[in-house]
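Participant: Please construct the entire structure, taking both the sequences and the accompanying hints into account.
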Amino acid sequence: MAVPILKQGPVLIASIQTALTDTDVLQLREDVMTQVTRHRSRGIIVDVTALDVMDSFVSRSLRGIAHMTRLRGAETVIVGIQPEVAFAMVQLGMKFEDVQTALDLEEGLALLQYQLKEPLDGGG
Amino acid sequence: MADTPPEATSTDGHGETSADLLKELVSHLRANRTQLREEWARRISEAQLLIALTQEEIFNEATSVYDNYVEVLETGSVEALQDYARNLSERIIPRGVEVDEVVGIVLLLRDVLARSLFEKYQSDFKLLNRVLNAYEPAANRISNIVAGNFVGERERVIRQQQEAIRELSTPVLQVRERLLILPIIGVLDGQRARQLTEQLLRGIRANRAKVVVIDITGVPTIDSTVANHLVQTVEASRLMGASVIITGLSSDIAQTLVTLGVDLSKVNAVGDLQGGIEEAERLLGYEVTQGDYLPPEGR
Amino acid sequence: MEAESRIAIESDADVVTARQRARQLAGELELSSTDQTLLATAISEVARNITTYATRGEVTLRVVHDGNGRSGIEVVAADHGPGIEDIERALQDGFTTGGGLGLGLPGARRLVDEFEIESAPRQGTTVRLVKWSRAADRGVRV
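Protein chains in written order, with this note's numbering: chain Y, 7 to 130; chain Z, 4 to 302; chain W, 9 to 150.
None of these hints come from the bench; they were simulated from the model. Backbone N, C-alpha and C define an ideal beta-carbon position, used for all residues, glycine too. Where hints are given, some of them may not hold.
[Stated by the list, open to error] Simulated restraints on C-beta separations:
#1 W/S19 / Y/L126: 35 to 43 angstroms
#2 Y/L12 / Z/Q177: 29 to 37 angstroms
#3 W/A21 / Z/Q277: 48 to 56 angstroms
Facilitator: Put into structure tokens, the structure is as follows:
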């Protein structure tokens with residue numbers, strides 16, 4: 007199932023709704039790159055609130071997305087990692103050291119707004 | 004749990020069944036109720052058991068136990084006794100009664116009753132034997148139920164207390180918006196450290212914290228398991244968008260961490276709790292108005 | 009609650025099915041939400057090895073009990089794929105991410121209480137994991 011990607015000014019928001027298969031993750035990466043390029047986005051938020059498991063494949067893929075979008079001039083923020091998921095990721099050894107994270111969508115937008123030094127329209 | 008009277012159908016070749024013997028036993032116990040209860044209560048005091056209770060309380064409980072005892076012998080049903088034993092345990096545990104006291108009084112009752120049987124049947128050794136054969140299994144079962152219930156209840160209370168202490172000793176405090184403080188006191192073991200991490204991460208979500216100050220001034224030493232948990236707590240908090248400041252890191256513990264290969268440069272450590280809170284406010288450094296995020300310099 | 013749950017692993021959607029079923033079983037045993045997540049994540053790791061390297065395999069879930077009355081979930085992930093030549097290296101945590109030959113085994117091992125692996129070249133791989141419930145004893149039975 008494709009992950010919906012919304013545009014909010016200079017920022018894209020990808021909201022993951024359900025458990026992702028590996029295929030979904032690869033599709034997401036492709037879709038993000040397409041959209042970032044098309045809109046010359048400067049930031050992208052990936053919201054993983056709905057994910058109850060983030061295994062090594064998903065984590066590596068999200069890191070990959072963050073690296074690739076950065077090369078295109080867009081900063082990625084992963085938001086919504088749940089307490090149990092954060093715990094499991096750390097036990098698994100997935101640290102996301104070079105990827106920005108924030109608590110939720112609101113925080114993610116605030117962070118990007120601060121970094122991009124331009125106002126983003128209030129989140130819907 | 005209802006039960007049929009023990010050995011109700013066995014005969015021992017003398018024309019009386021165990022049931023008959025028990026009936027005789029029961030009427031003996033009823034007939035001598037006053038005297039035997041008093042003797043038991045007296046022996047309890049002599050043995051200095053149940054000192055947490057008054058004489059009157061001891062006698063009242065002794066009466067209840069005695070009557071329940073007789074009822075079990077009579078009906079074979081232990082349900083009433085179990086209910087009473089549970090009830091008794093709930094009442095006397097908070098008074099500080101110990102396991103050995105409960106076992107002690109139950110055994111004393113068994114002795115008191117046994118001796119009265121010796122006295123009654125002393126002229127007929129064979130009959131005494133048959134009466135004791137009927138009495139002993141029932142008496143032992145009763146002792147087990149009373150003592151066992153007490154032990155079970157006691158363990159349940161201890162577990163509850165331990166849980167409460169664990170909760171109390173790792174409170175996650177919200178003192179300011181977006182700032183959580185976690186003061187840790189006492190020795191940490193792996194289980195407690197893990198519980199702490201889970202509590203903190205849930206606290207970050209619930210309080211939408213951006214900075215967490217973990218104060219370990221009150222922690223004397225940590226081992227590698229706990230050190231790892233601490234590092235993992237910092238990393239997991241970061242995944243949830245919160246940065247962590249550790250305060251009260253003694254030079255002992257710092258040394259332990261270094262020896263264990265923990266990269267202290269990744270850990271934001273500040274001397275004491277007050278300093279940690281100030282650093283946290285510096286990090287937060289913005290007016291929170293509807294999620295606006297002003298840079299620190301712009302305040 | 010069935011005694012045993014077998015899930016055929018042939019596509020990555022099956023990996024999701026397997027871990028959701030495990031989470032459900034774990035919930036019935038009252039494993040904490042954190043432990044459920046750890047178990048589901050471990051299953052994701054080992055089941056993915058099946059789809060990536062062996063094309064197809066099977067995950068079997070079972071409720072198990074130990075001598076002290078504890079219950080737990082046992083997971084057996086088996087395939088007849090190419091097998092692992094150097095198990096020792098596969099279990100080594102070489103890097104913080106993707107260590108152990110990229111099979112995610114050292115990470116998965118950290119998430120569970122018991123971990124066993126059997127594998128040989130051309131003979132497939134079987135991984136067995138157990139996650140025990142942490143709930144204290146329910147009480148003394150008299």
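Participant: Next, verify each hint and record whether it holds.
Facilitator: Structure-based check of all given hints:
Distance hint check for W/S19 and Y/L126: the Cβ-Cβ separation is about 39 angstroms, which falls inside the suggested range of 35 to 43 angstroms. Between Y/L12 and Z/Q177 the C-beta distance comes to about 32 angstroms, which sits within the given range of 29 to 37 angstroms. For the pair W/A21 and Z/Q277, the supplied restraint of 48 to 56 angstroms holds, since their beta-carbon distance comes to about 54 angstroms.
Checked against the numbered hints listed earlier, the structure breaks none of them; every hint is satisfied.
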